[in-house]
Amino acid sequence: MSDGKPRIGVFKYSCCAGCEFQLIFFQKHVLETLGKVEIVFCRMLQSGGVEEGPFDVALIEGTITEQWQIEQLRKIRSVTTYVIPIGSCAVCGGVPAIKNNEQEYTIQSRVYEDTSRLTSIRAHSVDQYVPVDGYIKGCPMGERDLAEFVTSLLLGKRPEFIQYPVCVECKLQHNICVLVAYHWPCMGPVTNAGCGALCPSHDRECYGCWGPMKNAHARALANRFAKMGLSEEDICRRFTEFGEPTVEWKPGQVRRWDVVQK
Amino acid sequence: MSTSHSISADNLCRWVDSLAGRFQVLGPVAAKRGQNVFAPIDNSAPLALDYCTTMLGPRFFIYPSVQRLCKIDRETNTYMAADPGPARTQLIFAIHPCDMHAISVLDRTFLGPNKDFYYAKRRQETYTVVLNCSRACDQGFCASMGTGPFLRLTEGFDVVMTALDGEYLLEAGSPRGQELIETAPGLQKTGRMRLYEKSRLEQQAAASFTKSLETEGLPELLMRTFEHPVYKEVADARCLGCSNCVLVCPTCFCYKMVDRVDFEAKIVERSRHWDACQDYWFAEVHDGNFRQPQQARLRQFMTHKLCTWVEQYGCFGCIGCGRCMTWCPTGIDITEMAKEIQRAPTRQLELG
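Residue numbers (this note's numbering), protein chains in the order written: chain A, 2 to 263; chain B, -15 to 336.
Only chain B is shown next, with the shape it has when bound in the complex (with noise of 0.2 Å):
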């Protein structure tokens, strides 16, 4: 990694105004009701930095939630594709490293062997810039899972920041990340003193982590305890299987192609919606459901985010950041399913 900077605060908002004359850039912003949600913004004014999470990570800048395709037209036998990707290259700011490592995870789904065209183009038309985390957030269980509470890849960002009391120390993360901090004004170089300070800040957020996640053999685990019985009693309790677990979950990538037919029959449009496995009608194929009960489909959300996962794109599905759990209506906890089958790997379903 290049040579690191520091910038004031006042600085870094100055940095962002001049930003958002060259980018599109989103932001956290404070929304109704003490809730915080990814928007665009042009200046740095609503910025809204000390924010814990989002309902929704900022993946759906990426991957967007409704995409549309293609647009056929049957009348004159032409086809065009509809998603021109973003209008203005986008800047994501101040991502938290949880939902950094989630975009870094649908990389290896959307860019691996079979590459998605539309995820392609917009991913490459999006700076990152991360924020990393200076204390823990409730549900997030990040440091079980490698995934923070600061930033722990190499590759595939932008830049980097680290709040150090009233300062940001700034880091790149590629060639195009260091010419965005190049624009950056009052920029002051860093001895190896904010580097040791940095470390210790990191210890520090590390050990205020309520909630973990021993992943050490889970894998394996669960894939020997597939009839566990702690599925069947959670679904029957509280799984109300509506979907929201899988629809805020940052590293989800399943879709559903959905076509609308105009009502002269003549042009077909062809989008993309986010799918999601909690839904019954998801495993529904010819001739039966193959995952007709509710336990099989909570499952299968949590066996492939901690085990099948590791076996397909080499790395954990779940990156830890909690949203599952917040909201779920019911507040089921993967972590909770997954320390039951830690606890009893062999606990039979009791009849009676």
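Looking at chain A on its own, in the form it has when it is part of the complex (with noise of 0.2 Å):
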């Protein structure tokens, strides 16, 4: 931060956009704040800017899903003091690692009729391929992180990013459990918080759009499913709607879960 005010560089992969417009309708609400901040290089907000860096901060978005996407991440991190995954894409591969779960050709002939020319890889997250800093989740990313991080890098605090499953914030709001009361298949024991439980409060269960929770326990969850009549197929989709098979929800993914069980 050589004047003070950090530069900040915004890249995008493959994904919907949505979190790049987070950021944008942010800076609309808080124009202040993002005046103390460099916007260097954003593809949405301004033509031009410094792809080559340095950068104080880069906020990666979307899925890492082409051999270039890898080549690009390697060279931010190497001029970048802080790189921050942004969004469910980039923290968990989100809803393009859905592809993960069928061979590529397989997917690829589904949607291409000619499929000679395509460079896709599988689809991962960020951490995957370089060392991060932190990750703001959500899809799009949460309001509540993007100022925790950003109100931290103003004060030089580090910043506390939400850690606990929906079902906390859930309780807070007061609602009725949907998974005891109406057997709705709900991913909220296991997903991360930080939606301020949304789909809850707004009677339908939780489809865990923020990704794995630290630590969740996925294959105690899929049994729960099991008993509650849901098939392996159902199961299967649940857990591989956002996110790519990450440790914590790996076990819910596995089509044959029972037999991993044993």
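It should be emphasised that the hints constitute simulated quantities derived from the structure, not laboratory data.
Treat the hints with care, as some may be off.
Said to hold, decoys possible - Once the Cα atoms are required to be at most 25 Å apart in a straight line, the calculated BS3-like pairs of lysine-lysine come out as:
1) B:K55 <-> A:K228
2) B:K250 <-> A:K215
3) B:K105 <-> B:K240
4) A:K228 <-> A:K158
5) B:K240 <-> B:K250
6) B:K99 <-> B:K55
7) B:K240 <-> A:K228
8) A:K158 <-> B:K240
9) A:K158 <-> B:K55
10) B:K195 <-> B:K99
11) B:K240 <-> A:K37
12) A:K13 <-> A:K37
13) A:K251 <-> A:K158
14) B:K99 <-> A:K158
15) B:K55 <-> B:K240
16) A:K215 <-> A:K37
17) B:K195 <-> B:K323
18) A:K6 <-> A:K158
19) A:K37 <-> B:K173
20) B:K173 <-> B:K195
21) A:K215 <-> B:K216
22) B:K182 <-> B:K195
23) A:K215 <-> A:K158
24) A:K251 <-> A:K215
25) B:K55 <-> B:K105
26) A:K6 <-> A:K37
27) B:K216 <-> B:K323
28) A:K6 <-> B:K250
29) B:K55 <-> B:K250
30) B:K216 <-> A:K251
Claimed, not checked - Using C-beta positions, here's what the derived DEER-type ranges look like:
31) A:R205 <-> B:N27: 47 to 57 Å
32) A:Q68 <-> B:M207: 51 to 61 Å
33) A:R159 <-> B:P68: 24 to 34 Å
34) A:R159 <-> B:R331: 50 to 60 Å
35) B:D317 <-> A:G54: 35 to 45 Å
36) A:P132 <-> B:E268: 39 to 49 Å
37) B:M207 <-> A:I108: 54 to 64 Å
From a predicted model like this one, the values you see are computed outputs, not experimental measurements.
Note that the Cβ used here is the ideal one computed from N, Cα and C, for glycine as well.
Dock chain to chain to rebuild the complex, using the hints, since each chain is given by itself in its own frame.
This is the structure in structure tokens:
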């Protein structure tokens, strides 16, 4: 931070660009705050910019699905102090990582007639390739975590990201538990909080868009879903809707999860 | 205890209507799909007096799930307390005895040697009217914990009601409760016969429980069997670490401080949120986490309620409402875990 203003670069890979929109929306909210930082590179916000850095903070959005992205990511890492993946795609694979559950060619030929020009690789999160310094989770990224990060950066303190399951926020809102009371297949117990229990507050079950909570016990929840009468396919689908096979959700994603249990 | 009175069901409704003029009345009402919740009411119409249990006990009116504590303005160097307490004096109507006991357990924490200003204020401004249970609930075992089905407290509450064939018996637990009763319309003095009927009803209700827990010598036993394999077995097979048990428990008191700085970094707001020992990061301290495995966190919950609480506050931390097992997504039952330890206290973990 040479002249006191943190230099920020925003990079987008395979995703819907919703997180970058969220950032811009956020800027509209509090113009003064982002006036205190210098946005060096952000394609959606301004043309040009310095892609080579150096940056104090690099916000990475999207899943890594091509070789050139890995190379660029490594370059960014080498010139950046804090690399922060933003949004579920960059944090845990997100929606693009659904394709990891089937053979690459099967998926490709389902979408494209001619697959000969495709160069895409398996979809992985940012931290599979470079070390990262924190995560701003959410789909799109949560405003609370983003605000916490920006204020922490300005105050020079360590940001405190949310690390508990959706259930905690849901209870703080006094919602009746939809999993226990109504037997809806809610992913709340294994999903990271931050959304303010949005879905359970609006009378539907959580579908896990914020990605896995640290240390979640997916197998126990998959067992519970099975007892409720969900088929293996359905259970697998719930655990693969958002996120690649992370260590937390993998046990729920394996099709024959009851075999894994033994 | 002063003389008791009886009141007809109609007059009870009229009494609640008149109380709603003086207080913010909070009572059990029907929610979506057959659930009950405690909510503010303006008159007696939405009251569901035959409710069985609610997901959250009425503790959150006294100890809110999110409470703003103070606000600091760095520009003007001013400090202000942000929680002014309830806007009107509250009256919680028809609390079941287990929940009333839970509030008295919370009192030992917050009104003990380290008095909590915010709790004390809300507690003082809250009237409590208890409704004794005439039947057992599915998951409750309050008869074993000595907290039900009829209220066994002698102080700390204002009025206790008992439903006796269409009528309600009212007894005061405090001078201000006595005052409340005197405002009720159509009061009748009751004789000894009614009290006899009440004690018979209590015996009937106590006998209808299906769940029980042998508490004799339990704290000592749990203290001796910290390494019992039941914790690991249950944690590995079922415990999600989702904290539902802790958040619905009416005696849990842990909170975390949450500071929010505005984007200008000028105004800092401090609030406290209910915290949960089942969260992974709860026991994270400098250089590590002293309850890393789920079994350690599960054991913390169970042994705190049934063992170390006794040492800490002189009573059990569990009031036998059964909420932790009802609202556990995988149905973990602490009474069954305790029974397994009582059955085979020296069992070792089988390897392989």
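Going through the hints against the structure:
| no. | hint | in the structure |
| --- | --- | --- |
| 1 | B:K55 <-> A:K228 | 48 Å, violated |
| 2 | B:K250 <-> A:K215 | 33 Å, violated |
| 3 | B:K105 <-> B:K240 | 20 Å, holds |
| 4 | A:K228 <-> A:K158 | 46 Å, violated |
| 5 | B:K240 <-> B:K250 | 22 Å, holds |
| 6 | B:K99 <-> B:K55 | 21 Å, holds |
| 7 | B:K240 <-> A:K228 | 35 Å, violated |
| 8 | A:K158 <-> B:K240 | 18 Å, holds |
| 9 | A:K158 <-> B:K55 | 19 Å, holds |
| 10 | B:K195 <-> B:K99 | 35 Å, violated |
| 11 | B:K240 <-> A:K37 | 30 Å, violated |
| 12 | A:K13 <-> A:K37 | 22 Å, holds |
| 13 | A:K251 <-> A:K158 | 34 Å, violated |
| 14 | B:K99 <-> A:K158 | 31 Å, violated |
| 15 | B:K55 <-> B:K240 | 16 Å, holds |
| 16 | A:K215 <-> A:K37 | 33 Å, violated |
| 17 | B:K195 <-> B:K323 | 11 Å, holds |
| 18 | A:K6 <-> A:K158 | 16 Å, holds |
| 19 | A:K37 <-> B:K173 | 73 Å, violated |
| 20 | B:K173 <-> B:K195 | 36 Å, violated |
| 21 | A:K215 <-> B:K216 | 19 Å, holds |
| 22 | B:K182 <-> B:K195 | 23 Å, holds |
| 23 | A:K215 <-> A:K158 | 23 Å, holds |
| 24 | A:K251 <-> A:K215 | 13 Å, holds |
| 25 | B:K55 <-> B:K105 | 18 Å, holds |
| 26 | A:K6 <-> A:K37 | 6 Å, holds |
| 27 | B:K216 <-> B:K323 | 15 Å, holds |
| 28 | A:K6 <-> B:K250 | 18 Å, holds |
| 29 | B:K55 <-> B:K250 | 11 Å, holds |
| 30 | B:K216 <-> A:K251 | 21 Å, holds |
| 31 | A:R205 <-> B:N27: 47 to 57 Å | 32 Å, violated |
| 32 | A:Q68 <-> B:M207: 51 to 61 Å | 59 Å, holds |
| 33 | A:R159 <-> B:P68: 24 to 34 Å | 33 Å, holds |
| 34 | A:R159 <-> B:R331: 50 to 60 Å | 44 Å, violated |
| 35 | B:D317 <-> A:G54: 35 to 45 Å | 56 Å, violated |
| 36 | A:P132 <-> B:E268: 39 to 49 Å | 20 Å, violated |
| 37 | B:M207 <-> A:I108: 54 to 64 Å | 56 Å, holds |
Checked against the numbered hints listed earlier, the structure breaks hints 1, 2, 4, 7, 10, 11, 13, 14, 16, 19, 20, 31, 34, 35 and 36; every other hint is satisfied.
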